[in-house]
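Protein chains in written order, with the UniProt record's numbering: chain A, 1 to 241; chain B, 1 to 241.
Certain hints may be false.
Once the Cα atoms are required to be at most 25 angstroms apart in a straight line, the calculated DMTMM-like pairs of lysine to aspartate or glutamate come out as [stated by the list, open to error]:
{"hint": "1", "chain 1": "B", "residue 1": "Lys200", "chain 2": "B", "residue 2": "Asp22"}
{"hint": "2", "chain 1": "A", "residue 1": "Lys234", "chain 2": "B", "residue 2": "Asp22"}
{"hint": "3", "chain 1": "B", "residue 1": "Lys234", "chain 2": "A", "residue 2": "Asp91"}
Not close to chain A: a few residues of chain B, all C-beta gaps over 12 angstroms, as computed [stated by the list, open to error]:
{"hint": "4", "residue": "His21"}
{"hint": "5", "residue": "Val30"}
{"hint": "6", "residue": "Leu85"}
{"hint": "7", "residue": "Ile107"}
{"hint": "8", "residue": "Asn123"}
{"hint": "9", "residue": "Arg223"}
Everything labelled a hint here was simulated from the structure, so no lab data went into it.
C-beta: ideal position from N, C-alpha, C; glycine also.
Spelled out from the first residue to the last, the chains are:
2 protein chains.
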Amino acid sequence: MSPNFIHTYLSVDCVVFGFDHDNKLNILLVKRRLDDVPKEMQSKLPGSLIFSNEDVDVAAQRVLFELTGIKKMVLKQFKCFADPLRASSPDDIKWMSKEYKPNIDRIVTVAYLSLCKIDHKINSVKYVTVDWCPIDKIPSLPFDHNKIINESFLEIRRWIETDFSIVFELLPKKFTIRQLYQLYSAISEKKIDKKNFHKKISSFNYIIPLDEIESNVAHRAARYYKFDSKLFKKSNTKLLK
Amino acid sequence: MSPNFIHTYLSVDCVVFGFDHDNKLNILLVKRRLDDVPKEMQSKLPGSLIFSNEDVDVAAQRVLFELTGIKKMVLKQFKCFADPLRASSPDDIKWMSKEYKPNIDRIVTVAYLSLCKIDHKINSVKYVTVDWCPIDKIPSLPFDHNKIINESFLEIRRWIETDFSIVFELLPKKFTIRQLYQLYSAISEKKIDKKNFHKKISSFNYIIPLDEIESNVAHRAARYYKFDSKLFKKSNTKLLK
Chain A
1 MSPNFIHTYL SVDCVVFGFD HDNKLNILLV KRRLDDVPKE MQSKLPGSLI FSNEDVDVAA
61 QRVLFELTGI KKMVLKQFKC FADPLRASSP DDIKWMSKEY KPNIDRIVTV AYLSLCKIDH
121 KINSVKYVTV DWCPIDKIPS LPFDHNKIIN ESFLEIRRWI ETDFSIVFEL LPKKFTIRQL
181 YQLYSAISEK KIDKKNFHKK ISSFNYIIPL DEIESNVAHR AARYYKFDSK LFKKSNTKLL
241 K
Chain B
1 MSPNFIHTYL SVDCVVFGFD HDNKLNILLV KRRLDDVPKE MQSKLPGSLI FSNEDVDVAA
61 QRVLFELTGI KKMVLKQFKC FADPLRASSP DDIKWMSKEY KPNIDRIVTV AYLSLCKIDH
121 KINSVKYVTV DWCPIDKIPS LPFDHNKIIN ESFLEIRRWI ETDFSIVFEL LPKKFTIRQL
181 YQLYSAISEK KIDKKNFHKK ISSFNYIIPL DEIESNVAHR AARYYKFDSK LFKKSNTKLL
241 K
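Bound conformation, chain A alone (with noise of 0.2 angstroms):
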């Protein structure tokens, strides 16, 4: 008798960071309707089955596109969800009917890491409410989409390290010093001294001092700065652990 194959539907789900004015990563929530479940629990992450013409990549832009209506976005693919157990809890069995077919038994997910701005004006074409979460205020998710968040927290501390760059997509066009540690400070799992942060930001030409500083901060008046990604690709040099 030949092996019992999984045959299964496959999904996407996106988690997209924004950096908060409080200096707290945050993270997109949508909701989705099921009516005898509390709103406040209708949380989850964006996502979508996939189409079967789709590759995963081109996927996870739609579902990207739907979310903000923004056609360029920063996008990872980080990991493969397969566990068989998780899409299995009565309403998600239910949600799952509703939203695509009655009968499905499982779903594997892939999901994808993206970063934005958090002024940027979010223009859902699919999603009625489409909320920023800091990510210390995640509430309990459907599916497994809280340990997608934590593996997602992991994965972002890992390509901070191999890519500084990134930072440059969470914060402002111009941004003061202070906002750059508090960032990386919030990515970074290395506790690293203000003052020798400082020192190492001031020795990377690719960071730009503006002839601007902060106005009405109750702080001293910050310089800003502005990151200069084609002096970044030039100055490539990784250092050896």
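Could you slot chain B onto chain A? The hints should help.
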């Protein structure tokens, strides 16, 4: 009408790297049997459809064990390949019918990277032929296996930058700094000067000189070293780019 969602078989494929005595990276290939295809064209990556009760990580562990007889191997999931046309060549369809079942229209695969000391005895319980193949001599392979190998090479490059210790999975237990340098050069895209490399390596307390030097070599006999993983874990000092 509801859209046409993919309903698919799912497989895992494993790219196992080794480092040979000519200082070249190698990959483990197996043979598939197809009667009317010349033998030299039957190489492929080791892989398998996943069973209905399996998670992908478990399936990859199974494939590696069936391939090598080794129970614990370093394993890293790196990418899901889901091009709708990846399993559509007549030979591939013929082989899938024979190996699995007829009418498999599409397989999505999750690719894994693994590392193996090239002198380790390979004891396959599944494959008759398991061969190391230097990466500059990889033949034309079925499905998108050449693409998977190309991407696995980019992945191992990134991996060595985030976790330098993976090189010691590929080196013999006792190794010379020359071997370490050759391996690092074979993987990394960075050109690093031999003298600087030697200096850097000497500063790492987790690379420990032994009281033993090479014998029977044409060049000047070099000292052997060993890797201390406990000291390495303590020395975790990644560097900000």
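Now for the hints, and whether the structure bears them out:
At roughly 24 angstroms between alpha-carbon atoms, B:Lys200 and B:Asp22 fall within 25 angstroms of each other, so this suggested pair holds. The hinted pair formed by A:Lys234 and B:Asp22 fails the criterion: a straight-line CA distance of about 33 angstroms is larger than 25 angstroms. Using a Cα cut-off of 25 angstroms, the hinted pair B:Lys234 and A:Asp91 is violated, with the two alpha carbons roughly 45 angstroms apart. Taking the minimum C-beta to C-beta distance to chain A, about 24 angstroms, the non-interface status of B:His21 holds against the 12 angstroms cut.
Chain A leaves B:Val30 outside its interface by the beta-carbon criterion, the shortest separation being 19 angstroms against a cut-off of 12 angstroms. With a minimum CB-CB distance of about 9 angstroms to chain A, B:Leu85 fails to clear the 12 angstroms threshold, and the non-interface call is violated. The Cβ of B:Ile107 does not lie farther than 12 angstroms from every Cβ of chain A; its closest approach is about 10 angstroms, which violates its non-interface assignment. For B:Asn123, the requirement that its beta carbon stay farther than 12 angstroms from each beta carbon of chain A is met, with the minimum near 22 angstroms.
The Cβ of B:Arg223 sits about 21 angstroms from the closest Cβ of chain A, beyond the 12 angstroms cut-off, so the non-interface label holds.
When held up to the earlier numbered hints, the structure conflicts with 2, 3, 6, 7 and fits the remainder.
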